[in-house]
Amino acid sequence: EVFRCEDLLDKRTMKGITQLHERLLHDMKTYSPYGGLVHQIRILLLGPTGAGKSSFFNSVKSVFRGHVTHQALVGSDTTGVSDK
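This note's numbering puts the first residue of the sequence shown at 1, with every later residue one more than the last.
Please keep in mind that the hints were generated in silico from the structure rather than gathered at the bench. Do not rely on the hints blindly, as some may be mistaken.
When the alpha-carbon atoms are kept at most 30 angstroms apart in a straight line, the in silico DSSO-like pairs for lysine-lysine are as follows [claimed, not checked]: (1) LYS53 - LYS29; (2) LYS15 - LYS61; (3) LYS61 - LYS29; (4) LYS29 - LYS15.
Let the hints inform the model, and build the full structure from the sequences given.
See below:
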């Protein structure tokens, strides 16, 4: 059998993805917890080695900085690469 896929991402779908991306980016940049009462947010993210925890935090930090950052060590090893 031969299958052919055409125009899976048409302009309407791409426009929706772009709007969602812009809305999520705006929501992240303008987020203010508890009306400004909390000055620092701490997040605990648990997952198996190699699941992308450090990459996730690097991505979030890059959004807030406006450029790509690499604070959390990213890599893979059977025992993990983070030491804290």
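Now for the hints, and whether the structure bears them out:
Between the alpha carbons of LYS53 and LYS29 the distance comes to roughly 20 angstroms, so the proposed pair stays at or under 30 angstroms and holds. Distance hint between LYS15 and LYS61 is fulfilled; the C-alpha atoms sit about 26 angstroms from each other, no more than 30 angstroms. For the suggested pair LYS61 and LYS29, the alpha carbons sit about 11 angstroms apart, so the restraint of at most 30 angstroms is met. In summary, the hint linking LYS29 to LYS15 is supported, as the alpha carbons are separated by about 21 angstroms, within the 30 angstroms threshold.
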